[in-house]
Amino acid sequence: MRVLQWFPGWVRVEAEGGYPERLLNELTMAGVPVWRVHRRQEWVRFSCLAKDYRRMRPFARRACVRMRTRQKHGLPFWAHRYRHRRGLAVAVVIYGLLLALLAPRIWVVQVAGNAETSSQAILDEVSKVGVRVGAPMERIDIKALQISGPDSLSGVSFITVNPRGCVARVEVTERVPAPEILDLSAPSDVVALRDGRILWMEVRSGQRLVMNGEAVTAGTRLITGRVTSDMGEKLYRAYGTVWAETQRQITVSVPLLEVTQEPTGQGILRPTWTFLCWDIPLYSDGPLPEGLLHRRQTWFLTVKGMRLPLGVARDWYLYTRQVKTARTPAQTAALAAEQLRREEQELFGEGVYTELSRSGALQGDAYVLTAVYRCEEDIGVEVPLDGALPASP
Amino acid sequence: MGEKRQNSRRGELLAELEGNRRIILSGCRGIDLYTEECVRLRTATGTITVYGQRLEMGCMTVDGATITGRLQRIELTE
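If you're matching them up, the sequences are chains A and B in order. No gaps in the numbering here: position 252 of the first sequence is 252 in the working numbering, and each next residue is one more. Position in the second sequence counted from 1, then plus 393, gives you the working numbering.
Any given hint might turn out to be false.
Pair by pair, the computed Cβ-Cβ distance ranges are [said to hold, decoys possible]: (1) 414/B / 31/A: 25 to 33 Å; (2) 467/B / 91/A: 50 to 58 Å; (3) 301/A / 412/B: 53 to 61 Å; (4) 2/A / 454/B: 12 to 20 Å.
Only part of the chain B face toward chain A is listed, based on derived beta-carbon distances under 7 Å [to be verified]: (5) 417; (6) 423; (7) 424; (8) 427; (9) 428; (10) 429; (11) 431; (12) 449; (13) 450; (14) 453.
Don't read these hints as lab results, they were simulated from the structure. C-beta: ideal position from N, C-alpha, C; glycine also.
Full structure from sequences and hints, please.
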């Protein structure tokens, strides 16, 4: 009721003296609605619509009542109070337009449930059915996505979109791969990938050709699929695990004098304002000189961890200069040791390995560090029967 | 409900009392007296007088009114 009265506006009237009962009777007979009638001693207060206040004056005169307004409420009075503030009205209109324009659109696209399939591939697929930043939420064709999505994305068994406000959440269920079925029809051998001494073997198919403790060289046939018996020769697929002790070597070289390209501190700035799906460049599109170093900084509004499509990207194209860095032998040795440690992690991972020796020396204008390791690894690799050894990694 | 409507259409007084805090009247012809302690309304057959304390008229229309406050006594006269 209050809201309905607020739009046309209403006033609180105080009537004093005379015959207030007569005034109220005449008002009700004339069809003027009044409410919250309140009598105290010589005055009566009541509420009525703002537009009815002028109509009351003749009735008040006849009832010998003096009327005056005590309070004014509602939209007409509010608008009158702020009539000189045009900016406020403009802001309200702009706010309404922006709300009507942006509220039904997608602001954020989230992908959930994927482990193997890349989020970018999923985003590319869902964009075909209208799921992209800035697109209208109501135009998303969820049925089409559910049908075509699993066909286009090989690792996905189900995909759908759950719209929630301005967030489109893409839910993905990935396929569980079927266990690999060994093709036993193609005969093969297992050969040694590198030199080593056999520690133990587990032959699942084929015939074992070497014993535990035996030293083998790269290319030695370890398990064969060619089995000869009283029944004659039969060909099988050979497979199994051959665990052997091997030796590996890593060599790293770090120059004493290093030449690098470093930014001078001066460059060309190209800022871009991003709003929904639009990137608005705030620069003139002139040609860039060659050989500049590109660096990008972005600032986007975030809400509860979600990045909103409203922000600024600053692309710096920096001028560079050649910087020669001379290192002492001690610094070079430390750098080489650090580089060797990284290569160890890359090569062996969490495998079993023991460092046997390490030697480092200055050779010309570089420090060369060499380490030898004893490893335990599977050296067996399957090749077609009588086939060649694949290239060693 | 149908009987209520018929009474109201004939212009007879219809009163609904909600405890001692509110009385809703229809079939009134106007106000005779209105003070804090007493409200007297004309009806088709006479008057109805509501006595009480801090009496207020919540809503007034052509043939009805709502009286709120601490109602103590209601009197009908012909």
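Hints, verified against the model:
no.	hint	verdict
1	414/B / 31/A: 25 to 33 Å	holds (28 Å)
2	467/B / 91/A: 50 to 58 Å	holds (55 Å)
3	301/A / 412/B: 53 to 61 Å	holds (56 Å)
4	2/A / 454/B: 12 to 20 Å	holds (18 Å)
5	417	violated (13 Å)
6	423	holds (4 Å)
7	424	holds (4 Å)
8	427	holds (5 Å)
9	428	holds (6 Å)
10	429	holds (6 Å)
11	431	violated (10 Å)
12	449	holds (5 Å)
13	450	holds (4 Å)
14	453	holds (5 Å)
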